[in-house]
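Peer 1: The chain contents come next:
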Amino acid sequence: MTDDSIYAKLLLQRDAVNKWMERCGVRFGIYKNGSFKEQIFPFDAIPRVISAADWQTLSRGLAQRVMALNAFLKDVYTKRSIIRDGIVPADFVFSSKGYLPQCEGIIPPADVFSHISGIDLVQADDGTWFVLEDNLRVPSGASYPLIARDLTRKVSPETFADASVLDNRDYASLLRRVLDDVNVSSGLEVVLTPGRYNSAFFEHSYLAEKAGVVLAFPDDIFVEDDLVYYKGLLNKKERVGVIYRRISDEFMDPMTFEKSSLLGIPNVFSAYRKGNVAIVNAFGNGVADDKGIYYFVPKMVKYYLGEEPILRNAPTYLPIFPDDYKYVIDNLPTLVIKDVAEAGGYGVMFGRDMSAERLDQVRAMIKADPRRWIAQEVINFIDLDIMDGDSTVKRKSDFRAFVLSGKNTEVWPSGLTRFTRDPKSFVVNSSQGGGFKDTWVLAK
Amino acid sequence: MVVLLRYSYTTLITFSAKVSDHAFALRCVPMQTPAQRLIWQHLTVLPACPVASSVDAFGSVVSTGFLGRRHSLFAYEAAGLVETTDQPVTDAPFPFYSHPSPLTMPSPEMSSIANSLGSPADDPALWTERLMAAVASRLSYSPGATSVDTTAAQALELGQGVCQDFAHVSVAIARLAGLPARYACGFMEGEGASHAWVEVFINGRWLPIDPTNQRPAVNSYIKLAHGRDFDDCSISRGVFRGQASQAVSVSVDVWKANQADADSCH
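Taken in order, these protein sequences are the chains called S and P.
For what it's worth, our numbering labels the leading residue of the first sequence as 1, then goes sequentially.
For what it's worth, our numbering labels the leading residue of the second sequence as 1001, then goes sequentially.
One should not assume that every hint holds.
Label-pair ranges, simulated between beta-carbon atoms [as the list claims (entries may be wrong)]:
# : chain 1 : residue 1 : chain 2 : residue 2 : range
1 : P       : K1018     : S       : L233      : 17 to 27 Å
2 : S       : R358      : P       : S1140     : 40 to 50 Å
3 : S       : R153      : P       : A1092     : 12 to 22 Å
4 : P       : E1083     : S       : L233      : 27 to 37 Å
Derived, one-sided and incomplete: chain S residues facing chain P with beta-carbon distance under 7 Å [as the list claims (entries may be wrong)]:
#  : residue
5  : S95
6  : P101
7  : E104
8  : F222
9  : D225
10 : D226
11 : S248
12 : E250
13 : F251
14 : M255
15 : N267
16 : S270
What the hints contain is simulated information worked out from the structure, not anything from laboratory work.
This one's a predicted model, so the numbers in the text were calculated from it and none came from an experiment.
No residue lacks a Cβ here, since even glycine has one placed at the ideal position from N, Cα and C.
Throw the hints in and build the complete structure from the sequences for me.
Peer 2: Rendered as structure tokens:
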């Protein structure tokens, strides 16, 4: 253990932090073999520390990226100029599962589509940051570093007196400001949760409490005359102005999308289309965080903002382009292959783990449906120290930064650092086991 | 040719037990297009409740409402007068009309049919006739063989279907032939239920065709909605709370009106 580290005092109190986590119900639910299990989301007390200089670049790059993505979403559903100008092929947009024709022509309040964006990055061993994935639908995870900071400050106040770490406890007020910015008719602000069997239910309830908004379940909300109402006590109707929904598009409205959904609010889409309610994040964002569209994000930055992209993508190949196809087929054993439609670390395959027979199968899959796959170079990430008993071990990790967009676009000076338990694994995702760390951004 | 059509469409749903929190979305107001002018219409819902109206992304009118109180009967009546003409419909096709949708995913058989039809640009009317003939030679009309969730590929494989399936297969083939195509639904004179047909975009205009009846879908048709496939065009969707079975009775009547009908309502 490094006793001279800025977090050394905190490590002495790590058991106390974990006890508090347990008491506060910091959990993560997963479905395994068809049954729902809630488990403690293991917290590692050693923070990821990001220097002030690194953060300056990262935060500028993140804000830039999200502004371009928001511009792209508005363009795709209105003028489609980026397609007409040949920057993004039409096929990538209109055969994306995330593209919703029902959203054509709709511009949400304040022109914001992605209010809360979770951008996943990794740091390579030479210190370079790479964006791995944009999450623009309902990215989860902000509550974990938020509560972790709260608890670590409680058990080890001296740590934060000594180390000049940017406070991250303003997340709820950033979130609240976004909700206020897009609120229609000063209505009620709600966090809509599908219920307690959702993997991120802890987060839904915690964020609602911290932001001072109502935690609503689907049955609490209804739409009448294309206006959205919350059923209060004694059936008192209260107009809802913004829904921070934690339910995916296809289940949000059985009248427009999946007919069998019981989680949604019938006719909420009509209310949204009329501009009578803001939906956070907006409908149809999946078209911009598709793993195939990812390739084009640096081009979007240039196209919409006229700026050079500050952040880099991981080197990516799209088999739909002949040169990339040939490269992928020839170099499969050294690449990582991703199914564009999957999320949560599913559908990720490493060429180096495959048998010759399996490699041929994957080549055949790519040949049969090149649009479905992307390939990337494997990046050697920096390993982070993880506590293992009283010593430390090195593990792979990633970093999800949160960018909040209302009238302005702001980057939260913290984020979720996730790490793998399995020393051999390169896939870092809470759905696949693993734990999390706080992320400290240094003030200077 | 100009034809005046009166329509009356009623649906009565009786629930076996009381239900509440009943939300509905109806697409039963005829669309306004150059080929179809809506002269008057009304929509009445029972039990009475506020009915909101909006136009969806595809251009269809959606009427929505919410019945919070307990009720065991739900009924609506749509009626109106429409003037149909031969005016060309030329609205620019959305790009999604050129791409497969969930119910119109292509199959190899559809590709080979599309390839066998020749070029649409030379003689669009002839091409649509060949398309309809090709679909009709592979599908026999048999109510009950398919459901509302049947895809174009499944219907073609089965070789049976109803108007929805004829339309889905035709839309999918037209898209494979490189033509934007959309699914249309509404009423047809002489048909006691709702009907589905197809519009194919050739040489700058939408050609309405009825693959089930092997003819152009003009004059005696009233279009309520169009979209990529059936799911974009639901004439009626509803969700309610309560454990009840429902008995649904629907009646559709479309008849030729005379000019006096139109004048009397101005």
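Peer 1: Each of the hints needs a verdict: does it hold here or not?
Peer 2: Verification of the supplied hints:
1. Checking the proposed 17 to 27 Å range against P:K1018 and S:L233 shows it holds: the Cβ atoms sit about 23 Å from each other.
2. Separation of S:R358 from P:S1140 is about 45 Å and conforms to the stated range, judged on CB atoms against 40 to 50 Å.
3. Range check, S:R153 to P:A1092: Cβ separation about 58 Å, and the 12 to 22 Å hint is violated.
4. Distance hint for P:E1083 and S:L233: a CB-CB separation of about 52 Å, inconsistent with the stated range 27 to 37 Å.
5. A least Cβ separation of about 6 Å between S:S95 and chain P falls short of the 7 Å threshold, and the interface hint therefore holds.
6. Given hint, S:P101 at the interface with chain P, holds; its Cβ is 4 Å from that chain's nearest Cβ, closer than 7 Å.
7. Against a cut-off of 7 Å between C-beta atoms, the interface hint on S:E104 holds, since the closest Cβ of chain P lies about 4 Å away.
8. Because the beta carbon of S:F222 sits about 6 Å from the nearest beta carbon in chain P, less than 7 Å, this interface hint is met.
9. Here the hint on S:D225 is kept, as its CB sits about 4 Å from the closest CB of chain P, short of 7 Å.
10. Hint on S:D226 holds. Least Cβ distance to chain P is approximately 4 Å, under the 7 Å limit.
11. A least Cβ separation of about 16 Å between S:S248 and chain P goes past the 7 Å threshold, and the interface hint is therefore violated.
12. Checking S:E250 against chain P: minimum C-beta separation of about 11 Å lies over 7 Å; hint violated.
13. A least Cβ separation of about 13 Å between S:F251 and chain P goes past the 7 Å threshold, and the interface hint is therefore violated.
14. Annotation: S:M255 was flagged as interfacial toward chain P, and the flag holds, the nearest CB pair being 4 Å apart, inside 7 Å.
15. The criterion of a C-beta within 7 Å of any C-beta in chain P is met by S:N267, whose closest approach is roughly 5 Å, and the hint holds.
16. Taken as an interface hint, S:S270 checks out: its beta carbon lies about 5 Å from the nearest beta carbon of chain P, inside 7 Å.
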